[in-house]
Amino acid sequence: MKIGRRSFLSFLIGGAAGTALSPMPLKLTDDSAIWTQMWPWTPVPEDGEISHVNSTCTLCPGHCGITVCKINDRAIKIEGMKGHPVNDGGICLLGVSGLQLLYGPTRVQTPLKRVGARGSGRWEKISWEAAVSEVVKQLGDLRAEGKSHSVGLITGSDRGTVPQLFARFMTAYGSNNVMRTPSMRDSYELTLQRMHGTRALPGFDFENADFILSFGSGIIDGWGSPVRMFKAFSGWRSNHGKVVQIEPRLSRTAAKSDRWIPVKPGTEGVLALGLAHVIIKEALYSSDFIDNYSVGFEDLQRLVLDKYSPDNVAAITAIDQKDIVTLARDFAAASKPLAICGRGRGSVSGSLDEFMAVHALNALVGNINKKGGVRAVSEIDYINWPEVQMDAVAAAGMQHERLDGAGSKNHPDTRSLLNRLPAAISSKEESSLQALLVTGANPLYTMPGSTAVKKAMAGIPFVVSFSSYMDETAQNADLILPNHTYLERFEDVPTPFGLQQPVTSLARPAVEPQFNTQHVGDVVIRIAKALGGSIAGAFPWEGYQTCLKETLGNKWETLMTKGFRLDDNDRAFAGQMTFDTPSGKFEFANKETGRMPQFSPIKIEGDEKLYPLVLVPYDSFRLAGGYIGTPPFAVKTVEDTVLKGKDVFVELNPETARALRLREGQHAILSTPRGQAKVKVHWFDGIRPGVVALPRGLGHTAYDKYLAEKGVNFNELIGPVEDPGTGCDAAWGIMAKLSKA
Amino acid sequence: MDSALIPKGVKRAPLWQFILFLGAPGTVALWGVYAMLLCWFKGLNQTNMNDAYGFALWIWADLAVIAVGGGAFFSGLLRYIFGKDVLKSIINYAVLIGFICYSSALLILAIDIGQPLRGWFIFWHANVHSMLTEVAFCLSAYFCVLTIEYIPLILENRQIDKVPFFHKLGHNMHEIMAVFAATGAFLSFFHQGSLGGVAGVLYGRPFGFREGLFIWPWTFFLYTWSAAACGPCFTILVTKITEKVTRKKLVKDDAIEFLAKVSGWMILAYITAKTIDTWYWATVTAPSKGFALMDFYSNNPFYGIWILIVEVVVCGFVPALILITAKGRKNNKALWTAVILAVVGVCLNRWVMVLQVLAVPVLTFENWVMYIPSWQEIATTILPVAYGIILIAVSYRYLPVFPHEAELNPLEPSTAPEPESAAVELPVEPGQGLIPAEA
Amino acid sequence: MKKDKRYGMVIDLDKCTGCGSCMAACMAENNVPFREDESNKLLSITWMRVYKLTNGKPFPETDVCYLPRPCMHCGGQHEGHSPCVSVCPATATDYSLKTGIVSQIYTRCFGCRYCMASCPYHARYFNWWDPVWPDGMEKYLNPKVSPRMRGVVEKCSFCFHRYQLAKEKAYIQGRRELAEDEYQTSCTQACPAGAITFGDLNNHKHSVYKDKKNPNAFRLLERLGTNPKVYYISSRAWVRRAGDNYLRNEAKPAKAVQHG
Ligand SMILES: Nc1nc2c(c(=O)[nH]1)N[C@H]1C(S)=C(S)[C@@H](COP(=O)(O)OP(=O)(O)OC[C@H]3O[C@@H](n4cnc5c(=O)[nH]c(N)nc54)[C@H](O)[C@@H]3O)O[C@H]1N2
Ligand SMILES: Nc1nc2c(c(=O)[nH]1)N[C@H]1C(S)=C(S)[C@@H](COP(=O)(O)OP(=O)(O)OC[C@H]3O[C@@H](n4cnc5c(=O)[nH]c(N)nc54)[C@H](O)[C@@H]3O)O[C@H]1N2
Ligand code: SF4
Ligand code: SF4
Ligand code: SF4
Ligand code: SF4
Ligand code: SF4
Ligand SMILES: [Mo]
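Protein chains in written order, with our numbering: chain A, 1 to 741; chain B, 1001 to 1439; chain C, 2001 to 2260.
If you're looking for bench data, these hints aren't it; they were derived computationally from the structure. Just so it is clear, the structure is predicted and the values come from calculations on it, not from any experiment. Every residue, glycine too, gets a C-beta built ideally from N, C-alpha and C. Don't take each hint at face value.
Stated by the list, open to error - In silico PhoX-like cross-links for lysine-lysine, where the CA-CA straight-line distance does not exceed 20 Å: (1) C:K2169 x A:K644; (2) A:K705 x C:K2098; (3) C:K2167 x C:K2098; (4) C:K2167 x C:K2144; (5) C:K2167 x C:K2205; (6) C:K2144 x A:K70; (7) C:K2041 x A:K70; (8) C:K2057 x C:K2041; (9) A:K644 x C:K2139; (10) A:K646 x C:K2041; (11) A:K646 x A:K603; (12) C:K2205 x A:K70.
Said to hold, decoys possible - Sample of chain A residues lacking proximity to chain B, with all beta carbon distances greater than 12 Å (derived): (13) F8; (14) D31; (15) A33; (16) T36; (17) D73; (18) K125; (19) D210; (20) L566; (21) Q598; (22) P601.
Just chain A, with the same shape it has in the complex (with noise of 0.2 Å):
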């Protein structure tokens, strides 16, 4: 058949004609509905069976209960623990977003060793043996040599099992240089150790009190128990609590609470001081408490009298004399007054001196051991293992003085000093640190001088991370041997801080491990196995959990019913005022001690000439500051005034930006003594004139896309500054200067 261009024309309109009346073009319009709707690229999550696991969140030191809702085998949610002491059913935003770290990019999957220069990324999977032996190797050899007491260990927190276990092994190892991530904990404790005679952590009564006067503490901003302290807050906005905020920067708490007194930034204590003065001068004190339970009244009365009336302490803090003076009087008036600080979330020590000098407002108004207030409150005791037994070499290392000076006559109530760390390592031509631990903390991140501490690790021979995420000092290690994160593994979690009650918690498996990591208390004991001889001794039990079970004792019942238990030895305290000082009583002062008031403002790096502002750090409870990486959802809620792009701003009152000629939005280079950074500029009207703030929480290098290379990291313009009573960082800001781009 010939087709000619009639029939092939009658052929097409005849085929289209009949396409169309078929149900042909019914159908294909039916299906690309459903195409749309079953793109292979969207997932469709399968469903299954439901269940729960209680369990205890540990990205913070809040540790709350939680309750990890699961299908089938899969975590999909958590959720706040309802009943839990520490939250009721509560969650804070990295809480909830805590399955995006078990199951996202962050996580390391298998043991890793360097295979490129520091830093460069390039690893090499190997076998947990292999990762063991050449720990065992590294750790044997230095000891061999007789130089265990070079080898040094980072943790995040030196409470419960695990860190323990870690401290245990160093002693059986050899080697007293065991330091944590600082945090306004070490002044509270001396504090404490001081004023109280008790080294332990303050609880505070917040549920009960009436008024509280903060110092710049982040009290909805992450300080403390965040979940808790948010419970808190929103209790005294129902029952007409009063919370006055001291702070140059009007920050959430700032700005929620019923006063808000933005202070010189740096003039925190002397203002707790020029309150001491009011109170004391107009008698406002509880007499029972001053004349019954305390001693050194006096020598506070003299220090205060003398030197901080309020018309002093108004030129040096820039507040009204007469908000001052009503300030006083309103706090005393309170029947509930509390009067608590460390700055922002309290990752910084701070400066003893002012530590003391707020609490000594809370013994002032007597509000000391009672419903309503604040008392020292005593570890849980349940780790009494056996005694390390040193063998000859692990007795010659811990003769040895620390590197970072903590426990020294200098200091000798202190029991870490990591800020010291890298300056006694890169002091020397040798690195005096032959080996590094680093486990649950990120200190090439979290430590002030970052870069400092960077070129200080880098002179470190062998680094070691047992990090569950790639963070930035597990990106510098030699080695790293991934620990499980908190949702794969079985843990003890002590009181979180500023409870009353004491609660151990425990955080146990809501779902397998994910990938091929191992657990690091497992880990712990392994080396020390494998080490033999008396550090293996040392290491009794067969596992973590059995050590663990162990441990806990009858304990363990409890917990692994209910998630957590409240210490029972506890419930005797009801406002006991007996005192463990060598007076019995609350030492404002003791003569015979030698301990007098005294009161040095910290003064920060930088000359005024060079740098004309201040430059403060901002906690934002939308990002992580620690060792945890903000996980994308909260990355998310971050907003568009703090982080554009990959710009951080920085926050400057418009009066100081006109001075400056920076607009809104603008770049800027900010530079301090330290470093340089290039942000943009925010104007805010809640900040003093003069002042800087930038948010702690970004410039990473390490973890995700979604959290890399955004923003500036506080910690590289900022280097610690050393407070003189304890050695500790008391580095509360830095002078700053602002220019143009």
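Fit chains B and C with the ligands to the given chain A structure using the hints.
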């Protein structure tokens, strides 16, 4: 080469020249098609729209082309229903322009939706309360009407007309054209109106929201009215441009003048109504929601009050006054000015009713939002223009779009049937050496 | 008491700390996707968004308030005539007269975005991109809420799937009515400050019923007639005034109008 297809009695440029001429719009069209494919395959992230500007350049283009395409229904109404035979000279072209406008609008809509494969849901799961449903139905129906109105013109192609069936079909369709014109006018009334309703019913957006009659906000009527008023101006404008390009007189002056005059009075009436509407809105509707007039305009130069003055005075009253005076209509420059202003005016109106509606912050703690279209949006918006030029060129070349063209441009006997010296090459000033039909 | 339910929220702005837990809890519950850069808030899907309001005064009189904004589940002037529902051409968003909840049917939405244009609260979000989870992260996706495809609009659903689950459970136990605590939204549950209360605004046994009558209660943009089902409480006058638009010389804002 293609002379067999070219209508009898008119002169056309040689094919190579014609093809060369199509090169420019063709390239632009290809660019537009590329952008369109990007949008379809990669999604609307190719645009600079965002959650504040859910509607943007495209919806504006849609509303604008439909408004200016209003010349088709309005001239159809005048020609077939009111029997204004003077429009015979321009009615084909009006229909063609309308067809282009409406097909463009549909094309843009097909790109503009996030799930193009589900576009038909608007018919299948129709929500009768939605102005957009009304728009979709009327728009599609009216597009069909325009196609039907356009078909007889295609059938008049010299070769097609030779087929007896097509000849008869074309003839019969002409007979019943009044029915379609009436249907078209009716449909247009509604879809032009419902387009106005799109912004007018947004009671959450005080800039767009208007009170009205029953379910119809005043913008419903204002849109129909403005399309009827300004659409013919666009028809005139395109005709004038075509005449410029072809350097021929194609439409009789009385047709243009008649259309201009009607348009003038319509614009005057429309802009008066619009002024009253604006007044009422500014003094009653908006204040009842807590907005002063200047809240809608102040704060940034782009959406300043100038926009209202330009729309109402410069592009409203000015063209209206020009067009209602015989002197203005007859003065070529004034006529050009008037039709351009009128077209700009109606487009500006559609612009503010789409974009400014969204830009004005309603929550007190939100700010004005700005938006600059991406190249993909611009390319796809220019695509219809290129497509329109091509369709006009092809139709003009092969179809008797202008029934009076031969009469207005008598072929000189000396000119060969295969003209080497094509019309485009003749340095003839428009109007010069042409005999007015009535003269 | 066979009255239809009108689920709604009362958010105490005095308690809200702006911590953002509600935002993250919503994302986690509802499979909200995320991208590398979420700092352009006009492209960032946050069913619950916490706004930062300032009183505009200079230092040290400056004040800040945080305002969480879910979908208001507007009822409109006659229940069901929500700004967004009435305009959707494809009936892809609907108003339930039984619960007062404004639904969103992702598989029917064809992405015309008319509903977004109609919503004065910017509560609606378009999926400009395909949702992509980093390798392995799909594991946490909640099967009770389907992930959305590119090109459709999404918004807060008052965690409707939780209502369905609670109803199913009650039905199996032979009950018709849900107790207040049986159906709570993810954001309400997560809020560490307890700033959000959720329940049936028609039910005098639910706390929202009483809370919405607080003299300091107000709703956003009441004057537009959207009739939202989210109430706010603030003891600060400037915050209450920021809830709506007023002419410069207009008298003090009227008290919240009570509906139902
Ligand atoms: N002062 C202070 N506070 C802190 C921190 C800090 O470093 N210092 N860190 C903060 C940060 S960043 C973190 S990571 C968290 C975590 O910090 P936590 O997990 O809260 O750990 P620490 O408070 O450092 O633990 C030290 C306490 O452990 C107790 N302890 C030591 N040995 C034993 C033992 O054998 N048995 C028992 N039962 N208790 C023992 C001591 O009483 C000592 O007070 O805390 C936060 N708070
Ligand atoms: N929202 C909010 N976020 C915060 C804070 C806050 O207050 N609020 N606090 C910030 C502060 S000050 C700090 S320093 C950090 C504290 O961050 P961390 O130092 O991490 O917190 P800790 O509670 O001390 O950690 C307790 C235990 O967590 C373990 N850990 C938890 N997850 C992992 C893991 O995946 N792998 C390994 N190897 N160990 C893990 C550590 O070994 C340690 O023993 O949190 C910060 N994040
Ligand atoms: S406050 Fe801390 S412990 Fe509690 S949920 Fe948040 S991150 Fe976890
Ligand atoms: S979770 Fe609660 S306190 Fe936090 S921002 Fe949301 S509503 Fe406010
Ligand atoms: S808030 Fe917006 S999306 Fe929600 S019901 Fe109201 S108009 Fe619709
Ligand atoms: S975008 Fe979807 S839900 Fe919104 S109006 Fe269009 S079809 Fe309806
Ligand atoms: S009610 Fe549910 S969907 Fe709505 S904002 Fe809260 S968590 Fe998100
Ligand atoms: Mo820490």
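- Item | Structure-inconsistent hints, enumerated in ascending order | 1, 2, 7, 8, 9, 11, 12, 14, 15, 16
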